[in-house]
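**Q** Residue numbers (my numbering), protein chains in the order written: chain A, 363 to 568; chain B, 363 to 568; chain C, 363 to 568; chain D, 363 to 568.
Hints listed in this document are in silico derivations from the structure and should not be mistaken for laboratory results.
Each hint should be verified, as a subset may be incorrect.
Unchecked claim - According to the in silico footprint, chain D covers these stretches of chain A (three or more CB under 8 Å from chain D):
id: 1; segment: 364 to 376
id: 2; segment: 414 to 421
id: 3; segment: 444 to 453
id: 4; segment: 517 to 525
A virtual CB, placed ideally from N, CA and C, is assigned to each residue, including glycine.
Protein chains: 4
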Amino acid sequence: MNKARVEAFSDGVIAIAITLLVLDLHVPEPGSGTSLAHELAKQWPSYAAYVVSFLTIGIIWINHTAMLRRLNRVDHSILFLNLMLLMTIAVLPFTTALMAAYLKATDGENLAAAIYSGSLLLMSLAFFVMHRHLLLARVHFLHEHLTPEVRSAVLRRNARGLLPYAFATAVAALSPYLTLAICGAVAVFYALPATTGDTPPEAPIE
Amino acid sequence: MNKARVEAFSDGVIAIAITLLVLDLHVPEPGSGTSLAHELAKQWPSYAAYVVSFLTIGIIWINHTAMLRRLNRVDHSILFLNLMLLMTIAVLPFTTALMAAYLKATDGENLAAAIYSGSLLLMSLAFFVMHRHLLLARVHFLHEHLTPEVRSAVLRRNARGLLPYAFATAVAALSPYLTLAICGAVAVFYALPATTGDTPPEAPIE
Amino acid sequence: MNKARVEAFSDGVIAIAITLLVLDLHVPEPGSGTSLAHELAKQWPSYAAYVVSFLTIGIIWINHTAMLRRLNRVDHSILFLNLMLLMTIAVLPFTTALMAAYLKATDGENLAAAIYSGSLLLMSLAFFVMHRHLLLARVHFLHEHLTPEVRSAVLRRNARGLLPYAFATAVAALSPYLTLAICGAVAVFYALPATTGDTPPEAPIE
Amino acid sequence: MNKARVEAFSDGVIAIAITLLVLDLHVPEPGSGTSLAHELAKQWPSYAAYVVSFLTIGIIWINHTAMLRRLNRVDHSILFLNLMLLMTIAVLPFTTALMAAYLKATDGENLAAAIYSGSLLLMSLAFFVMHRHLLLARVHFLHEHLTPEVRSAVLRRNARGLLPYAFATAVAALSPYLTLAICGAVAVFYALPATTGDTPPEAPIE
Chain A
363 MNKARVEAFS DGVIAIAITL LVLDLHVPEP GSGTSLAHEL AKQWPSYAAY VVSFLTIGII
423 WINHTAMLRR LNRVDHSILF LNLMLLMTIA VLPFTTALMA AYLKATDGEN LAAAIYSGSL
483 LLMSLAFFVM HRHLLLARVH FLHEHLTPEV RSAVLRRNAR GLLPYAFATA VAALSPYLTL
543 AICGAVAVFY ALPATTGDTP PEAPIE
Chain B
363 MNKARVEAFS DGVIAIAITL LVLDLHVPEP GSGTSLAHEL AKQWPSYAAY VVSFLTIGII
423 WINHTAMLRR LNRVDHSILF LNLMLLMTIA VLPFTTALMA AYLKATDGEN LAAAIYSGSL
483 LLMSLAFFVM HRHLLLARVH FLHEHLTPEV RSAVLRRNAR GLLPYAFATA VAALSPYLTL
543 AICGAVAVFY ALPATTGDTP PEAPIE
Chain C
363 MNKARVEAFS DGVIAIAITL LVLDLHVPEP GSGTSLAHEL AKQWPSYAAY VVSFLTIGII
423 WINHTAMLRR LNRVDHSILF LNLMLLMTIA VLPFTTALMA AYLKATDGEN LAAAIYSGSL
483 LLMSLAFFVM HRHLLLARVH FLHEHLTPEV RSAVLRRNAR GLLPYAFATA VAALSPYLTL
543 AICGAVAVFY ALPATTGDTP PEAPIE
Chain D
363 MNKARVEAFS DGVIAIAITL LVLDLHVPEP GSGTSLAHEL AKQWPSYAAY VVSFLTIGII
423 WINHTAMLRR LNRVDHSILF LNLMLLMTIA VLPFTTALMA AYLKATDGEN LAAAIYSGSL
483 LLMSLAFFVM HRHLLLARVH FLHEHLTPEV RSAVLRRNAR GLLPYAFATA VAALSPYLTL
543 AICGAVAVFY ALPATTGDTP PEAPIE
């Protein structure tokens, strides 16, 4: 099966999920008594969560293009794992809104933050599982020959990318702010171009 | 007429429908008195319906790619049947939300479940009608030569795929939970890769 | 300039507009006292408007593919007219919701229906203006040679397609139901495949 | 890395952002006592903002296609700057809704207008930064040879495009209506085809 429609469908779902994030930003009711500046300032968790999720989805898209670029065909097992990955991405507008709504609350804030970083952990895990399947069980679908050592190295780097999200989920019990900060730091770390500027785009999360 | 834009438009509609499902997940109001964990747990029908619909739309997309891959051109009759199929897919975020909202209600729950599985039945029927049209009335548009026996076999398998949804719709009168469970079982059955892992992706729903 | 991205962008906007129509369908609040069947039955204007708008946008997409297929390149004037056309399509989820909300009201129903069919008229007009520009002022961008007679005939047929919407807008003052019925009849007329089944897809609205 | 998926993803995000603008148009509640005509007339800021933002996003899409057409490959630094640009576009449905909601308010209207034109300024700035990076630091990725003089001229024109938005943001303190009018004038100026009709599409904002 040709992979062009898989790429088009994945691009569509990821582009929609990243753009739907804007629906989590709410316009304060005019004439509510307090000033607009005050109302908008109160919503800073929504803006912070928006930026972190936007960057994170953008990075996963970059990694997704890099992962699929290696393939010359797909089969049903790959379509299935790709669908699982897309589900974990498509749900992010919800977990982002949840985290933003509860960040400053005095009840539920730890659970909301844990769900947020947990959803990012799940997304990274789905990416890892799909990548592992391609590199270990579908070697004959790859364009280029990768030695077992290279493949193990790629997957090890990929697996290490799960650690910050696992840590962020764990510290949600202590501070939801810390969870958001860690997720944001991960996004900035992978989004920023390497100083050489010529790193192959698939480098980051792997 | 070239089929590339038909694929692009269909990919777009299906990708949007599958991603819009997330709008059916609602963030509980902070500070509502009960704990967030309790509020989220109460919403389990929404999460279950989300997963079932996401998988189902994902499968219909896989089957759609397989169906169109066989074609080397399209005409107005195909565009029309494709539009009908897309309408049955595009409406699923509504019927999914309806089912999720009423699953635990004490009134209307049977009707809501019947509408949900009925909408999946309608989608499968639209797929079957389009597929039948291609295989019987547009044979000269197909890339490969399929013997009448092969074509009948494909359509028979396709028609059998309607039965679980018809059954799920019928049992909605008894239990909406059973309806959801059947729809979920169908989704998992078709989504899971066959054990060989090399089944052609068009096999499942046909 | 290559037309591939114009097609991709137009497919995207049209696919999103047609899929966003589902957001106009509302799930009745559970436990509102009246039966779900009754509540859903009351919403029939929303379902009727959904189907009419879905078919209409689907037809305009078919005509759009046919129109662009004739071109071998685009310039800024074409991009501008295409953007105008896309704006008239992208606004349809709003005018559809407006018509559905007011169809059974005792105040505003005539205006809402006039706005609905007026928006369809505007869309057809934008299509006509763009088509006219291509056939008269951008002849050198066309793949095929069309004689002036053929071009006039195409545009005359195209212009005649405006009449039903103009009529539907006029009768909105008498009956919004009639307006919706006319718009629905137009959609069905153009959507249904011709009996030969091999009509070139660009035939309908032109 | 091939640029096809970058174009597809960007087309997706921009097409979704431009189409989501329609969610900012609200259907007045039927039976609210006042006439529908009156209610709709009261919403004119929403319609004006819709048209201005639709045109502006359409123009940035035209410029984006022109910018990417010059490239024959992309690297991580380009993907990162493109993601930043897409974020400034994806947020426009929010800032548009904010401006529309406050235009006629007696409190917060200046801030809302400043945020609106500020978001357009940010978008233009992100475009300029990305364009500058391509023309100065990624010359070896360009299809065509551009002399340093040509590149400076293109960037100077591009930088001049920031001025109207900076001015519109500054005058928001005086009159939000003036801010909207300036943003609208910019959109019309760049959207309208040049009289020759054959200007290369990348001319406008650069």
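**Q** How about the segment 517 to 525 of chain A: do at least three of its residues have a C-beta closer than 8 Å to a C-beta of chain D?
**A** violated (count 0)
**Q** Count the residues of the segment 414 to 421 of chain A with a beta-carbon closer than 8 Å to any beta-carbon of chain D: does the count reach three?
**A** holds (count 3)
**Q** Test coverage of the segment 364 to 376 of chain A by chain D using CB-CB distances below 8 Å; three residues minimum.
**A** Satisfied; 5 residues make the cut.
**Q** Given that the segment 444 to 453 of chain A was listed as covered by chain D, double-check it with a C-beta distance under 8 Å for 3 or more residues.
**A** violated (count 0)
Of the numbered hints listed earlier, those contradicted by the structure are 3, 4.
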